[in-house]
Structures are given as structure tokens and as C-alpha cells.
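Chain order of the listed sequences is A and B.
At the far end of the first sequence sits residue 269, using my numbering, and the numbering has no gaps.
At the far end of the second sequence sits residue 269, using my numbering, and the numbering has no gaps.
It should be emphasised that the hints constitute simulated quantities derived from the structure, not laboratory data.
Small disclaimer: the values here were computed from a predicted structure and weren't measured.
Computed spacing ranges between beta-carbons, pair by pair: (1) A:Ala244 / B:Asn64: 28 to 34 Å; (2) A:Ala11 / B:Gly214: 21 to 27 Å; (3) B:Asn64 / A:Ala89: 44 to 50 Å.
Which bits of chain B does chain A cover? Going by a derived footprint, with three or more residues having C-beta under 8 Å, they are: (4) 96 to 103; (5) 126 to 134.
Even for Gly, the Cβ is constructed at its ideal location relative to N, Cα and C.
Number of protein chains: 2
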Amino acid sequence: MSRDVITAGPAPGTVWLVGAGPGDPGLLTLRAAEALRSADVVLHDALVGPGILGLIPAGATRVNVGKRKGHHPWPQAAINARLVAEAQAGRRVVRLKGGDPFVFGRGGEEALALQAADIPFLVVPGITAGTAAPAVAGIPVTHRGLSAAVTFLTGHAGEGVADTIDWDALARAGGTVVGFMALTSLDAVALRLLSAGRPDTTPVAVIARATLPGQRVLRTTLGACTLAVRRARLPMPALVVIGAVAALDLLSDQLTDISVASGFAHPAS
Amino acid sequence: MSRDVITAGPAPGTVWLVGAGPGDPGLLTLRAAEALRSADVVLHDALVGPGILGLIPAGATRVNVGKRKGHHPWPQAAINARLVAEAQAGRRVVRLKGGDPFVFGRGGEEALALQAADIPFLVVPGITAGTAAPAVAGIPVTHRGLSAAVTFLTGHAGEGVADTIDWDALARAGGTVVGFMALTSLDAVALRLLSAGRPDTTPVAVIARATLPGQRVLRTTLGACTLAVRRARLPMPALVVIGAVAALDLLSDQLTDISVASGFAHPAS
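With these hints in hand, go ahead and build the complete structure from the sequences.
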């Protein structure tokens, strides 16, 4: 690797808020990889996989602040407090977040907490699942003639979807809708878009565990998606793409010898 | 670097459509870097900078298919034909695109051309400027209490913005609007959003040359943005963020010794 793309990791007493991307270690950025290699302590989400966590030095402290079976996730305030405390203790701190820190990642809240405590910090963008998950399913979120806009929204509880989004307006605005959501929220989202006039034949794709082992892609329609998702028993996390582009499959679902971890390859026929 | 994150580049006779990210070499993915190092030929956009192109081996062929001063960009059909021809000649081909191949990148069109010619190909997602440019300006595109959705759209001619987007609906839908646009298109976009009811006090941030040397951030409002942008003589390319989050500045605009190339750091006061 040439020297000019190597960057130092966090200095002692500082925090880097780092996007881990969708999960595939190959989709980590060079800067994120360097941050992990030089960290004293890494606070990471539950969804960041072993391929990425393997970059953390053996002597560094790893803290899983995400949800695990039978365990509750850390409250945001506890994560913020731990970040501040670790930096104040002079450690090189990485907060490793799935996807991008500033796309439904609450990175803004962590940044505000660090600002308030006068802790120097840096944000390292990552690839959001909002673009990567459709891509590995062969779906361009924008495509000439089909979609000139894409809207990311969340269906997770507590993010205030119903309160702040005008669903009638969104349904009419056109373009692709990408939902970062618990699949249990899909019923409510589909109902709102149907009620607002999107046809029940609108293509829908659900991508589960994008770029990770066990990745699955379900193709359905807005009218049928809620039952189709239940029948398919898709693993978490999942991302939902709604709109004309969701019918595209620019890649094959068959792996070939040129495919890599996430298998987003098109084989010659 | 541990072995498990190393992936092979394109095999002979295959094409990788690779996202280069916003420009900072540190925001290239591990897989993209590996693809460049093993390529025989790289067709790249004009906006991909020297820091990234420096990863290409000296013996490989570099083709700039983007626009240059006094030169026209290659027509899309010519790019497609060259990709097919290089693969058919048995070369390891990388098509290196700014940002993400499937976000206003015409990657879908290139994928269709490769499919039609039975050329095996792979898509390597990259960080879109739609998330990275706001991030380096200290703007989270979503933030609890301010924005639960973000819409990416384009204002470039020929992408059919006016035809396919219902601007009245978009203005009412709420959430952040991120425009990938020629600044000459900003007048029309601002006028449509104002006419549709977005207040003229709506915060606007314009980020020029995000993550690249010469990066500049302009803060203005929807009502004042068009003249403010002209007065500031911002360099290209630029990205426009419209909505409440555009008023946030979670980072400082001052560089410190923990900042790296793109300087998106918050210094302790």
C-alpha cells in the first residue's frame, strides 16, 4: 500500500466516529481500517461482523454496545458517557458504527456529547446500507428513465417516522423509497404508501443481511410484501426498496468464481 | 493488513464497476484499492483525484472518460463499448466512478451493457457524496428531532428532474433534501421548493469539493442561496443540503493536528 493513503488513527485522548459500512470487510474504508488497527478501545454496534472486528489489535478493549440475544443495548447516554470517559483517560477511542455514522446512526448525538465535553473528535464516513444493500441485489437506487430521486427513511420505533413524514406527499413525490426498518414496521409503511396512492403492483425488494454471510433477497410488490416477508422468515437486519428500480436485477443471484464475499457478481451465461 | 480483508481484483476478461467515494483516498474501500492495484486498464471519471489514481500500477492503462477543460466527456455508449472491448481482449478492467456507481452514476447503464455482452462483472459500492459531503461539513443528514428522512436528487441536465419529481409533494414530505447538481440548476430547484411552500428561511449548506483540497462550505438559506452561491464563486463539484439539519455544524471549520486530509475534525476549544 502506498504511503499517501495511509492515515494515522485517533491520537490519544481523541475519538473517531467511524462508519463500518454494510458488513463486508472489503467495504470498510482505508481510514476506518487504520483507525481500528491503532485503537486502544473500540465501542461497536452488535451488527458489525467478525471480519471487521478482527482488525482490532489483540491488546485493545472491545465493547459491544449493541443489542444481543437476551441482553439490552446500551442506552445512548451510557455510550456517550463511556466515549467521553475513555478519551479523558487518554485512550485512542474508536466508535465503530454500522453503515454511516450520520445516516440513522445517531452519530449526531454522539458528536454533540463529545462537543459538550470538549473532546476532539473526527467523523469517518462509511458506506450506508441504503446504497450498498440495493447494489448487492443488482438494484441501482437511481436509474435513468426509472428514478431520478431516492428517499431514505426509517421505520424503527422511536425515530418518529409517523410524526414527521408526510406519507401522502412522499408517495406522490416519485422516486425510490429505501426503508431502514424493523420488518415489523413494514405493515404500517406499506399501508401508508398504498393509502396515499402508490399502486399495489409497485415493485418491492427486501435485502436481508446485505453483504454478510446468509444474505437473502426477496422480490415482491407493495400489495403483497407484508405477507411475503413473514412467509420468507428473513433474518435481520433488512432493508426495503420500494419503487420501479426494485424490479431490476442487474446482477445474477448465482455466485461465480469471480464473486467475492458478498457475491454481487453477474456471471456470463 | 490481515489476510482476511484482502480480496483479489478483477480476473482477466472481467469488469469491476468500482465506486471511488467522494475523493479523499482514505475514503476508498479496501476492495476498491485492491481492484486498482491489480487492474490492467482503468476507465475513470474526471473527478477522481490524483491521490486515488496513484494506486494504479505504472504499467496499467489509464483512460479519463470524464470531462476536461476544452474537451468533451466520452458519450456513455463509447464508455460501454470500451469496457466490453477491454474485457473481450482478456484484460482486468476497472471502471472507477466518483461516489457510488448506482447513485446518479449511470452504473446501471454500464451494468446492462456488460450483461448484454455476456461480460462477467462485479459492483463495488462506494461512499456517495450525498452522505460524505454533508458529514465533512458537520451535517448529519438525519438527526433525531430534526429529520427522519433524506432525499437525494439530481439537478443535472438530462436526468429528467423536472419531469419525474413532484416538487410540491417533495417540499411537503419533510426531511432533508440533498441535491447533486450543477450550481446553475440551483435557481430552478430553489424556486420550485419555495413555490411549493418551503419557507425562505429554510437552512441551506453548499459543500464544494468535499473531502478534496480546496473544500469549501457555504451556509445560507433557501431564499438567499442562489445569489450567495454566485457571490462565493464556489468551485465544482458541489452538493446542496436543504433542510433543518443544514444549520448544524457538529464539527468546527478549523483544522487541528488530529485532522486528516479532509479536515472534518472538531477541535477542543
